Structure formats: structure tokens, C-alpha cells
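Fit chain B to the known structure of chain A by using the hints.
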Amino acid sequence: GDSVTQMEGPVTLSEEACLTINCTYTATGYPSLFWYVQYPGEGLQLLLKATKADDKGSNKGFEATYRKETTSFHLEKGSVQVSDSAVYFCALSDRTGRRALTFGSGTRLQVQP
Amino acid sequence: NAGVTQTPKFQVLKTGQSMTLQCAQDMNHEYMSWYRQDPGMGLRLIHYSVGAGITDQGEVPNGYNVSRSTTEDFPLRLLSAAPSQTSVYFCASRSTGTSEETQYFGPGTRLLVL
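If you read the sequences in order, they're chains A and B.
The first sequence begins at 43 in our numbering and counts up one residue at a time.
The second sequence begins at 101 in our numbering and counts up one residue at a time.
Hints in this document: simulated from the structure, not taken from any laboratory.
Wrong hints could be hidden among the right ones.
A few chain A residues that face chain B, going by a derived Cβ cut-off under 7 Å, partial list only [as the list claims (entries may be wrong)]: (1) 74; (2) 86; (3) 141; (4) 142; (5) 143; (6) 146.
Quick partial rundown of chain B residues pointing at chain A, CB under 10 Å, derived from the structure [said to hold, decoys possible]: (7) 159; (8) 190; (9) 203; (10) 207; (11) 208.
All figures in this text were calculated on a predicted structure; none of them were measured in a lab.
Heads up, the beta-carbon is just placed ideally off N, CA and C, and yes, glycines get one too.
So here's chain A without its partners, still in its complex pose (with noise of 0.2 Å):
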């Protein structure tokens, strides 16, 4: 079945610091790939997404690029804010009737002034 393998947890950076989350998954045909933001006691928002290879999504200076070669989505941000501090998940959406998310296990990023 369809899985995402995202890079373990907690990743500590400091303000202004780049940042990569890694992302790869496993999947049969082309699914649309997100990746989502969960805020201390909040839902999950949708950071930013992308439906087909070589898509960049791009949302409040993050960046991730769907790459069907080798299978990733990596997060990526060139300055980190304290405000970033959140949990990110990397998730595909299969294309069948279920039209359900998988998700990876979650990336907590701390950031420190």
C-alpha cells in the first residue's frame, strides 16, 4: 500500500537557520502530495501542495518540489522564524474512490531566537 517515510524528530534549529525536512513515499500511480502544519493545540493546515512531477508548491517562504524520480517532497526554508516552531507531516492523496491522505509520522520543528 501507498506510505511516506519523513525524517524523525525533533529538529532544532536557530532563527534565521535553513531548514529540510525530508520527505519520500511509496505509492502506486501519480498521487498529489502535501505537506501539512500543525500549530501547538491547532488543527492542520495545509502548508503548500503539488499535483504532478516537477510541481514546486510554495507557501509563506516554504518550498517543496515533487519529484517522481526519486520519490521525494522535500520541505524546504531558507530562514526560519521562531513562529515556524510546529509539527509538519508530508502526506499523498491517492487517486481512488477512498480519495483518503496518508501521512508520514510527523516532523516537530523547534525553533530558538
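Okay, now just chain B, sitting in the frame of chain A:
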């Protein structure tokens, strides 16, 4: 729009008790689903529905029932709670009539079963 709403925010149950977690959306989305979030495991699909009157099982359906009598509401029932059902539960919805695949999540219900 309120988006996806869930009640209650927090609940404590004793083993064997039953309860219903409520979920509602005001976006006229056909598709609704329930996930549970456990530490180190991401979110796992419990049940989903592609429209009123249609439900199906997800990855971890045992111990949970659902029904979908209206487009707006999708309650999740625990018939006899067990400590293994201690988790955070999220409801989500999305449109199915377009290519838009984004799912919108509620704020979650934290459930503790003693």
C-alpha cells in the same frame, strides 16, 4: 464560513462507556473523513464518506461506527470505549466535484479513556 467544526474539544471516558464525537462542515463538501493521531504514527484514517448515506471503512475502523444522514454532519461513535482509543481525533472534508484535492481539518477532539 466556520469551516470544519468539532465537539467536544476534550473528553474523558471510562472503559466501556459510549460517546459520539461531532463533526460538521459548512462548505457543502461531499467527502468527509475521520482520522486519529497517535504519537509517532501520524494520522490514520478511521472511516470516510463520499456523500450522504454512503460510508466506508478506512485503515483502523474497529471499535468505531459512523453514519452520514446529511451533507453537513459526520458523527463518529465509540460504542464501548477502550484505553487503546485514547487519541486525538480529527475530522476533515474536501470537495469531490473538482480537481481540488485539499482536505480541510477541524481543530480536533482529545479523548482520554481510563
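Quick rundown of the hints versus the structure:
{"no.": "1", "hint": "74", "verdict": "holds, 5 Å"}
{"no.": "2", "hint": "86", "verdict": "holds, 4 Å"}
{"no.": "3", "hint": "141", "verdict": "holds, 6 Å"}
{"no.": "4", "hint": "142", "verdict": "holds, 5 Å"}
{"no.": "5", "hint": "143", "verdict": "holds, 6 Å"}
{"no.": "6", "hint": "146", "verdict": "holds, 5 Å"}
{"no.": "7", "hint": "159", "verdict": "holds, 8 Å"}
{"no.": "8", "hint": "190", "verdict": "holds, 6 Å"}
{"no.": "9", "hint": "203", "verdict": "holds, 6 Å"}
{"no.": "10", "hint": "207", "verdict": "holds, 4 Å"}
{"no.": "11", "hint": "208", "verdict": "holds, 5 Å"}
Checked against the numbered hints listed earlier, the structure breaks none of them; every hint is satisfied.
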